[in-house]
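Engineer: Here's the letter readout for the chains.
Protein chains: 2
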Amino acid sequence: MKIGIVGLGLMGGSFALDIKTPFPNSIIYGLDNSEDNLNKALKIGLIDHQIKYSELNKMDIVLVSVPVNHLLKIIPKVLDTVGKNTLVIDVGSTKEAICSLLKNHKNRSNYLAAHPMAGTEFSGPSAAQKNLYIGKTNIICEFEKTDNELGKFALEIFQGLKMKTIYMDPKSHDVHVAYVSHLSHISSFMLGKTVIEKEKNEDNIFDLAGSGFESTVRLAKSNPKTWTPIFLQNKTNLAAAIEEYVSNLNLLKELILNENEVELSEILNNTNRIKEILNNKIKDEK
Amino acid sequence: MKIGIVGLGLMGGSFALDIKTPFPNSIIYGLDNSEDNLNKALKIGLIDHQIKYSELNKMDIVLVSVPVNHLLKIIPKVLDTVGKNTLVIDVGSTKEAICSLLKNHKNRSNYLAAHPMAGTEFSGPSAAQKNLYIGKTNIICEFEKTDNELGKFALEIFQGLKMKTIYMDPKSHDVHVAYVSHLSHISSFMLGKTVIEKEKNEDNIFDLAGSGFESTVRLAKSNPKTWTPIFLQNKTNLAAAIEEYVSNLNLLKELILNENEVELSEILNNTNRIKEILNNKIKDEK
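Just so you know, the protein sequences line up as chains A and B, in that order. Numbering-wise (this note's numbering), the first sequence opens with residue 1 and increments by one. Numbering-wise (this note's numbering), the second sequence opens with residue 1 and increments by one.
For the record, the hints were derived by calculation from the structure and aren't laboratory data. For glycine and all other residues, C-beta sits at the position ideal for the given N, C-alpha and C. Where hints are given, some of them may not hold.
Stated by the list, open to error - In the DSSO-like style, the derived pairs of lysine-lysine whose C-alpha atoms are separated by at most 27 Å in a straight line are: (1) B/Lys164 / A/Lys40; (2) B/Lys77 / A/Lys198; (3) A/Lys275 / B/Lys130; (4) A/Lys136 / B/Lys198; (5) A/Lys200 / B/Lys164; (6) A/Lys275 / B/Lys136; (7) B/Lys200 / A/Lys164; (8) B/Lys235 / A/Lys198; (9) A/Lys235 / B/Lys275; (10) B/Lys164 / A/Lys198; (11) A/Lys130 / B/Lys275; (12) A/Lys200 / B/Lys275; (13) B/Lys200 / A/Lys136; (14) A/Lys58 / A/Lys43; (15) B/Lys40 / A/Lys275; (16) A/Lys52 / A/Lys136; (17) B/Lys235 / A/Lys275; (18) A/Lys235 / B/Lys198; (19) A/Lys198 / B/Lys136.
Stated by the list, open to error - These stretches of chain B come out as covered by chain A in the derived footprint (C-beta under 8 Å, 3 or more residues): (20) 52 to 64; (21) 176 to 187; (22) 232 to 242; (23) 246 to 253; (24) 262 to 274.
Kindly produce the complete structure, drawing on both the sequences and the hints.
Structural biologist: Set out below in structure tokens:
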């Protein structure tokens, strides 16, 4: 199986590593607009060969793993050139903009809109890691618009990676991820900003970071080149999510200032349910 | 060495486990207002014997590890009865209220105000874990008000646990932890609340939790009995911290809605510095 990967960062690089477990005979062809990333990916063995855009039509799969603003240029460009039997997949964190853009593309049926819920706060080819995809949830949008045979092929690949596939329309996808993924990143970035501004003496931050700050701020280490365009493409949903979050923060502040112990502890107790919700998840995965 | 522990939850129980590494001959006496906790602590071997308040004067150290609202009743009660050579330490996350309360206590010099920056989101005796204290930062307040000999003894204990001791006045302590610890908990609890409210279908939460939500919301699993009184005792500093956090969230929302890519990515880039700040910490620890 010939696999072309456009964008050799965390997502593309990890796909290159993971796909060889279920499909050991895969040959990986890579492409990146950064010469440096391309050379690194070759050097550390993420990809077997480099490839040009004009050669992507020889691939069985083309995985496009670039920031979501670049996706809007690259996916149409790839679809323009691919042959009938090439499956084109993206792994972007927003789905409405890309699906709407491709609506009338002549090769729309070669494309599958996917969003694997996997990642770390690191980026670049050296951040690629084995097992990033294994067992994770994968959201597929507008499955009916992908060619039947190519769609089946895509599902075989995701099953090979032991991913849990769920289906959504692009609008719902963007609403859900605004809350469950993008808002987490916003809350973490702004926590980092607030603490850095207050603690001009950086030693204080790491001396005092033991009790919880470190994990809560982890996502603030994420790559701005990835996240700026995600926030912008999902701006309406995300603004609504931030507003609800802010309104909850203001409510809590008032309860604290009014020393309303009863309501304060009721809210914390209700939110504690997240423990059981996420425990179910862990049980499910085992 | 005889050690009495009042409050056999995560902090007290883990201290009981950790102290036996540098001081293997310690005998641990425990006390808890929950019969259930006391029996569990005996059963799993956290403590060697149970003890009554009236017997705490026979101890070399009394560690008080109860929620910060209970601290205000229990520490004076313990100090009322202890002998000249008993060191009383607390591990509460706020320091101004307790230090101010004890200002004129006749046995103030038996007390050391400590705050080990260590913890997990779990609670109760079964949450106790070895190495919770080892290598962590420990904040000591008003060290000069503790008897010289007892102060030296306390430092020996913290050195035995390989803790990094730093000194602060109670007011500064409460300001710093409002930002670096308490705000992290608030941001996490309110993220959990916002997502639970939006995602009435809980399956969505755990299906979609893969990309960052799980770690950002981890602290929302924390015990409300511990955190409600902490938030209330640190209300003024915490309200200011929440206000700055909310103002940063509102700023980001505006930049997103106005598609101000330049400023948005500048803010994310600046906040990325948290990576280096926390990396230094990790290097330091190694």
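Engineer: Each hint should be assessed against the structure and marked as holding or not.
Structural biologist: Do the hints match the structure? See the list:
1. Taken as a hint, the B/Lys164 and A/Lys40 pair is broken in the structure, with Cα atoms around 40 Å apart against an allowance of 27 Å.
2. Straight-line distance between C-alpha atoms of B/Lys77 and A/Lys198 comes to about 37 Å, which puts the hinted pair past the 27 Å bound.
3. Proximity of A/Lys275 to B/Lys130 is assessed by CA-CA distance (about 23 Å); at most 27 Å being required, the pair is judged to hold.
4. In summary, the hint linking A/Lys136 to B/Lys198 is supported, as the alpha carbons are separated by about 22 Å, within the 27 Å threshold.
5. Taking the CA atoms of A/Lys200 and B/Lys164, the gap is near 21 Å; set against the 27 Å cutoff, the hint holds.
6. Between A/Lys275 and B/Lys136 the alpha-carbon distance is near 26 Å, which keeps this suggested pair within the 27 Å criterion.
7. Note on B/Lys200 and A/Lys164: the hinted pairing holds, with a Cα-Cα distance of about 21 Å set against a maximum of 27 Å.
8. The suggested pairing of B/Lys235 with A/Lys198 holds, with an alpha-carbon distance near 17 Å, which does not exceed 27 Å.
9. Pair hint A/Lys235 plus B/Lys275 holds up; C-alpha atoms about 26 Å apart against a cutoff of 27 Å.
10. For the given pair, B/Lys164 sits about 22 Å from A/Lys198 by alpha-carbon distance, which is consistent with the 27 Å threshold.
11. Distance restraint check for A/Lys130 and B/Lys275: the Cα-Cα separation of roughly 23 Å lies within the 27 Å cut-off, and the hinted pair is therefore satisfied.
12. At most 27 Å may separate the alpha-carbon atoms for a hinted pair to count; A/Lys200 and B/Lys275 meet this at roughly 16 Å.
13. Of the supplied pair hints, the one linking B/Lys200 and A/Lys136 holds, its CA atoms being roughly 22 Å apart against a limit of 27 Å.
14. Pair hint A/Lys58 plus A/Lys43 holds up; C-alpha atoms about 23 Å apart against a cutoff of 27 Å.
15. In summary, the hint linking B/Lys40 to A/Lys275 is supported, as the alpha carbons are separated by about 22 Å, within the 27 Å threshold.
16. Taking the CA atoms of A/Lys52 and A/Lys136, the gap is about 31 Å. The hint is violated against a cut of 27 Å.
17. Using a Cα cut-off of 27 Å, the hinted pair B/Lys235 and A/Lys275 holds, with the two alpha carbons roughly 26 Å apart.
18. For the hint pairing A/Lys235 with B/Lys198, the CA-to-CA distance comes to about 17 Å; that is within 27 Å, so the pair holds.
19. Taking the CA atoms of A/Lys198 and B/Lys136, the gap is about 22 Å. The hint holds against a cut of 27 Å.
20. Counting residues of the segment 52 to 64 of chain B whose C-beta lies closer than 8 Å to any C-beta of chain A gives 0; at least three are required, and the coverage claim is violated.
21. Requiring three or more residues with a Cβ within less than 8 Å of a Cβ of chain A, the coverage given for the segment 176 to 187 of chain B holds, as 10 such residues are present.
22. Evaluation of the coverage hint for the segment 232 to 242 of chain B: fulfilled, as 6 residues show C-beta separations to chain A shorter than 8 Å, against a requirement of three.
23. As drawn, the segment 246 to 253 of chain B meets chain A at 6 residues by the rule of a beta-carbon pair under 8 Å; at three or more, the given contact holds.
24. Counting residues of the segment 262 to 274 of chain B whose beta-carbon sits less than 8 Å from any beta-carbon of chain A gives 10, enough to reach three: the coverage restraint holds.
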